[in-house]
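Start from the sequences, fold in the hints, and give me the full structure.
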Amino acid sequence: MSDDVFEFLLRLGDNTLVLGHHLSEWCGKGPVLEEDIALANTALDLIGQTQMWLGLAGEVEGKSRTADDLAMLRDAWDFRCCLLVEQPNGDFGQTIMRQYLFDQWHLLALTALAQNPNNQIAAIAAKAAKEVTYHCERSAELIVGLGDGTPESHARMQSALDLLYPYIGELFETDATDSAAHFDPASLRSAYDAGLAATMAEATLTLPDSRFAHKGGRTGARHSEHLGHMLTEMQWLQRAYPGATW
Amino acid sequence: MTDQQEWPLWEIFIRGQHGASHRHVGSLHAPDAEMAIKHARDVYTRRKEGVSIWAVPSAQIAASSPSKKGPMYDPAEDKTYRHPTFFDIPKEVGPM
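Going down the list, the sequences are from chains A and B. With this note's numbering applied, the first sequence covers 9 to 254. With this note's numbering applied, the second sequence covers 1363 to 1458.
Read the hints as simulated data drawn from the structure, not as lab findings. Where hints are given, some of them may not hold.
Using 16 Å as the maximum straight-line C-alpha spacing, the simulated EDC-like pairs for lysine to aspartate or glutamate come out as follows [unchecked claim]:
{"hint": "1", "chain 1": "A", "residue 1": "K71", "chain 2": "A", "residue 2": "E139"}
{"hint": "2", "chain 1": "B", "residue 1": "K1410", "chain 2": "A", "residue 2": "D53"}
{"hint": "3", "chain 1": "A", "residue 1": "K223", "chain 2": "A", "residue 2": "E178"}
{"hint": "4", "chain 1": "A", "residue 1": "K135", "chain 2": "A", "residue 2": "D53"}
{"hint": "5", "chain 1": "A", "residue 1": "K37", "chain 2": "A", "residue 2": "D99"}
{"hint": "6", "chain 1": "B", "residue 1": "K1410", "chain 2": "A", "residue 2": "E139"}
Among the chain B residues that face chain A by a calculated CB cut under 10 Å, a handful are [to be verified]:
{"hint": "7", "residue": "H1391"}
{"hint": "8", "residue": "A1392"}
{"hint": "9", "residue": "P1393"}
{"hint": "10", "residue": "D1394"}
{"hint": "11", "residue": "E1396"}
{"hint": "12", "residue": "M1397"}
{"hint": "13", "residue": "K1400"}
{"hint": "14", "residue": "H1401"}
{"hint": "15", "residue": "A1402"}
{"hint": "16", "residue": "D1404"}
{"hint": "17", "residue": "R1408"}
Computed spacing ranges between beta-carbons, pair by pair [to be verified]:
{"hint": "18", "chain 1": "B", "residue 1": "A1421", "chain 2": "A", "residue 2": "T240", "range": "26 to 34 Å"}
{"hint": "19", "chain 1": "B", "residue 1": "E1368", "chain 2": "A", "residue 2": "T253", "range": "36 to 44 Å"}
{"hint": "20", "chain 1": "A", "residue 1": "K135", "chain 2": "B", "residue 2": "H1384", "range": "25 to 33 Å"}
{"hint": "21", "chain 1": "B", "residue 1": "E1411", "chain 2": "A", "residue 2": "H237", "range": "46 to 54 Å"}
{"hint": "22", "chain 1": "B", "residue 1": "A1425", "chain 2": "A", "residue 2": "E233", "range": "33 to 41 Å"}
Please read all numbers here as calculations on a predicted model, not as lab measurements. We put the CB at the ideal spot given by N, CA and C, even for glycine.
Structure follows, in structure tokens:
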């Protein structure tokens, strides 16, 4: 039971950790100063949420591992993030599409989790939902602005959607780990699809026909090759100088 | 962004937690008004600086020119009757 809850908390914390790290890679490279700041702020929000989720995961596990230990000293096969957030930044359009596809799910998931019988999970979810409401508004607005923008921005957003759409199916797979935490991702799908369809219609983007879904991230069965590369960069300092602080 | 126009400039005004009026805090670029407010939120209010944001297109602000400072403001100086400094103002009144 507590093993399942530990796994479940890793799923939430690893999602925000990996996505937050990817967003932080834009720092200093944003297309315009205002977007650079906005992406960095979003990254900080997500890393903040990671501290709460992985901090609670460490408590639940009871082996006195801290959030930092879990973030910096696990290898790829121990991560439980979805494949969507592992996908590399690509161009700005790809980053924003990944962000929107995740934000929309994230907001629904946190709203549901805010009612979780586990008080600590509910409290973290309620706190995070405030930040994610803003993330979701922002990324949806950018999707519309860029999708319904110039021919070039439209084409880039469409190819980003085609590339990333096969990664959302995994977000709605309910398994024993979710059930143990009283969470049912499958129940979020219809609200998600409705929101997605509305945003994409306004952005003049076409949703792919196929519902084929890549899977394996949330269970740790099979991560994409991108995760290992990201962790190498993210963890090297802590690995090279164990216990380093500043 | 080579052959395309830059985003327009916006002036950002923020009402602080305790202040009564919006104050100018700076400017930023954004494609439209909604995005200007979002950018302002990210750039200027991340430390809880405000409770309300105004974004005004910079192009819509008519401003006096610093080079015309002389003609605009100087003449007031030698008209002492414009400065009611001859009265004793009770402390309770405060600055006028």
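Hint check results:
no., hint, verdict
1, K71(A) <-> E139(A), "30 Å, violated"
2, K1410(B) <-> D53(A), "14 Å, holds"
3, K223(A) <-> E178(A), "5 Å, holds"
4, K135(A) <-> D53(A), "11 Å, holds"
5, K37(A) <-> D99(A), "11 Å, holds"
6, K1410(B) <-> E139(A), "14 Å, holds"
7, H1391, "6 Å, holds"
8, A1392, "6 Å, holds"
9, P1393, "6 Å, holds"
10, D1394, "8 Å, holds"
11, E1396, "7 Å, holds"
12, M1397, "7 Å, holds"
13, K1400, "6 Å, holds"
14, H1401, "4 Å, holds"
15, A1402, "9 Å, holds"
16, D1404, "4 Å, holds"
17, R1408, "6 Å, holds"
18, A1421(B) <-> T240(A): 26 to 34 Å, "48 Å, violated"
19, E1368(B) <-> T253(A): 36 to 44 Å, "43 Å, holds"
20, K135(A) <-> H1384(B): 25 to 33 Å, "29 Å, holds"
21, E1411(B) <-> H237(A): 46 to 54 Å, "38 Å, violated"
22, A1425(B) <-> E233(A): 33 to 41 Å, "55 Å, violated"
Of the hints listed earlier, those the structure fails to meet are numbers 1, 18, 21, 22, in rising order.
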